[in-house]
Structure formats: structure tokens, C-alpha cells
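With chain L held as given, fit chains V and E onto it using these hints.
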Amino acid sequence: MTGYIADVAALARKDLRLELRARDTLPAMLLFVLSTLVVFHFALPTGADEVAAQGLLWVALVFTALLGLARAWAPEREGGALEGLVLAPCDRSAIWLGKAAAVFLFLVAIEVVALPAFSLFFSPLDGSAVLGVLLANIGICTVGTLLAAMAAASRTRELILPLLFLPLAIPLVVGGVGASVSTEPVRYLTFLGLYDAVFAILCWASFEYVVAE
Amino acid sequence: MSQSDYVVAAYAIVFVTLLVYVAIIAAKLARLERETAALAELARARRDTHG
Amino acid sequence: MPLIAAAAAGLVGLAIVFAFLVAPEDADQGISQRIFYFHVPIALTAYACFGWGAWKALRLLWTREERYDLESYVAVHQGTIFGALTLATGSIWAKASWGKWWVWDSNQLVLFLVLFLFYSAYFMLRFSIEEGPRRANASAVYALFGVALIPVSFFAIRLAEDFIHPTTFTRDGPQMTGTMFLAFCVSWLAMSVLAYALYRVELLGKRLDANLRELREALT
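Protein chains in written order, with this note's numbering: chain L, 1 to 213; chain V, 1001 to 1051; chain E, 2001 to 2220.
In isolation and in its complexed conformation, chain L is listed as follows:
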């Protein structure tokens, strides 16, 4: 068991180190989310209420995540390393978990800037909204990483990932917006937790089939 966790940690650390050295994905995601928020300011007509703005935060988060996910497996693809990883004596699902963990940390890094920016531009976010974001992050990372690996096998890589991801992201958006907006956020947070549990298990169990030859 500790071997498994060590594998996952090593894989995640590798991704973080790669990103720190290359510094291409994170700055792009950051700039994208900030630009999107500014566009939203102009896209919202005057008199649109704060609740609508909360919804738009989630649009920004989902699409920024998509940007990052599209590049998630790029290091493995470009180096041909995915085949090597798959042959390595670690559990295949560890590859997925390590990558998902790395993507999660990327997303959190983005949100550390994006959420305060949103509070500044639009309306303040309360604790349940932030918790909603974190829980939704888990869902985005687990499902998105697996779908990105699937898309990597496809001819239309960048095109197909959003198509695969968006229907699955809809429940996350509902949960997240509900957590921010509703008077009883607990229901939505529980729902997000449920989504995370169900899909994390599903991804964990099925990843090895996605990368198998």
C-alpha cells in the first residue's frame, strides 16, 4: 500500500517539477482565467444580479480546467513516455492518480489567484463557495485526467476533450453554483462529494483499460 502511495507521490512530483521548469501551462491558465473574468464583466448586462456572476465563475473555472487538461498528458505524449510508464511495475491506476493529483494542485494554484480576483471584480465568495470549488476540483481532476488520456488516443485530440468532458461537468457546475448561491449549501456540497466518490472509484477502476494496448 505504501508502495502505491509512493508511486503516486513520485509521479505527481515529476509533473510539478516539469511544470516548474517549463512554466508554460500554469501562466497560460492564469492569464486565461483572468481574461475570461474581464470578458464576463462586459458580457453581463447592467442590472444582472450577483447570482448570475457566481454562475459565470464556474464557466470560467471549467474552461480554464479544460485548457490545463488538454496539456495534462502532453509531457508523456511528446516523450513517448506513456508506453514506458505503462510498462513500469507500478499499478496503472497510480499513473492516473499521480497525474490527477498534479492537475488538482495546478487548479488550486490558479484558484488562489482567480478566486480573490473574482471577489474583487464581482462579489465576495463565502466559505461554502470555496469549499464547493475544492470539491468540484476533485471531480474535474479525476474525470478530466482520464478523459484526457482517452482523447490522447484519438485523432482529434484537442477537439474531442471538451466534448467528452462538458456533459460530465454539468453536475459539478450545478453543485458548485448551488454551494455558492443557495441558502442551504450543505445539500450541494454533499452532492459534490457524492459525485467525487462515484467517479473517482470509476476512474480508478477503469484507467488501466484506457491505456492498455
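Possibly wrong hints are sitting among the right ones.
Said to hold, decoys possible - Straight-line Cα separation of at most 20 Å, SDA-like style, residue types lysine to any residue; simulated pairs:
{"hint": "1", "chain 1": "V", "residue 1": "LYS1028", "chain 2": "E", "residue 2": "GLY2205"}
{"hint": "2", "chain 1": "E", "residue 1": "LYS2206", "chain 2": "V", "residue 2": "THR1036"}
{"hint": "3", "chain 1": "E", "residue 1": "LYS2206", "chain 2": "E", "residue 2": "GLY2013"}
{"hint": "4", "chain 1": "V", "residue 1": "LYS1028", "chain 2": "E", "residue 2": "ALA2005"}
{"hint": "5", "chain 1": "E", "residue 1": "LYS2095", "chain 2": "V", "residue 2": "THR1036"}
{"hint": "6", "chain 1": "E", "residue 1": "LYS2100", "chain 2": "E", "residue 2": "GLU2161"}
Keep in mind the hints are simulated off the structure, nothing from the lab. Because the structure is a prediction, the values reported are computed rather than measured.
Only chains V and E this time, still in chain L's reference frame:
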């Protein structure tokens, strides 16, 4: 459009979809028939050159 | 197999008779309620097809037998067709009942919209990967995600009602009279058998295709 027109439209859509499906299958059958005929021809040619 | 097709044809005919002649007219909605006899069974059959597709997908991943890939694909294909029909009949019913072609109020319609998007992506995925075990596995995993999405989306849409749009309309409840229920069941059976017949036909066609291709490769 009256209410009963809508009912007719709903059932009609299902019916038309079915008909389209049948048409597609018919076209596929025709193609498969051409394909098997071509393959039979190939098999015959093979048998004649080897025999 | 011709027996199944004949049964399907007979049952569908019977269902129409029941829906129009046997069942009494609904007091509130009038004649447009009769759409329900097709719309809901088609929806249920779509769910069943997706479930069937997911089951076949699971079998594929379990046993790695190639034939399950095709069976799963055809089932998902049928489900998508019936799903599209659900959206179409539902939209017509919405127009008849409430005057608009689309309403976000109907949870079932919204759920089907999400599922339709999801399964459309299934086909895009399938057509963009080369044939082989990679494609079969990816399709199977995606089909499994689909059935997981069905209940999750259902709850999400229910939860979304609170802040999206308060439900102002309620539709058919389970207060159906005896004959109405009978008509509904007949229709449901008819749709299921119809879907199965179409499934078998399509499967046959695709298997023929595959066999012929192999034959051609062997001969040339």
C-alpha cells in the same frame, strides 16, 4: 395547430424515423449483396486459376 | 429473428390501438396527453438501451471478447436514437401543453439533453480512434461513465431547480386509471421489443460487414 395535430406529429415522428431506419437497412442490404457478388466472383476466379 | 420483428410490429400496432381507442381521455390535458403513451416508454427504452450497452461494455472489459464491443456500440446507438426521439416527442408535447418548444422545467427532458450530448460525444470518440482494442476499451469505459452519469445528472438537475427555475408546471403523476396504466404497459412492452428487434437487425448488419471485409482480405 390544434392539440390533436400535435399528437399526430409526435406519433408521426416515431413512424417516420422507423421508415428511415428501414430505408437505411435496405440500402445496406443492397450494398452487402453487391459485395458478396463481387467476392463470389473473386472466389470463382481464384478457383479457376488454381484448378 | 423474424419472429421478434413480427412481435415488435404487432405490439406497436396494439399499443397505438390502446393509446387512442382504449384509454380514456385525460380530463386536464385533453388529447395531447396521449403523447405520453409513446414519449415515456421511448424514454424508458432509451435508458434500457444505455444500460444494456454499459453491461456489454463491462463484459468486454471483463472477458476481452471482441464481440462485446460491437454489441455495446449497437446498444448505445439504439439508445441514442431513442433518446433523440424522446427529445423530439417531449418537445412536441411541451409545445402542445405549454406553448413552447422547449422548457427547462421538465427534468426528464433536461436529463435527456445532457445524455444526448454525452452519447453524441461517444460517437465522436469512436470515429476518431483507429479500430482495435484501444477503441473498444475507450468506448467501453465511456459507456460505463454514461450509466454512472444518468443518476448523478438526475440528482443534479433536481438540485438545480432551486436556483434555476422554480417548477411551476407539474405533469402526469402516477395517478393513472387502470386502463391508462394498461395502455402504458402495452406501449412500454412494444417499445422495448421494437428496440430489441432493431438492435438485432443492426448487429446482424454490422457483423455481416465485418465478415465480408475479412473474406475480401482473404481473397485478395
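Against which earlier hints does the structure fall short, listed by number upward? 3, 5
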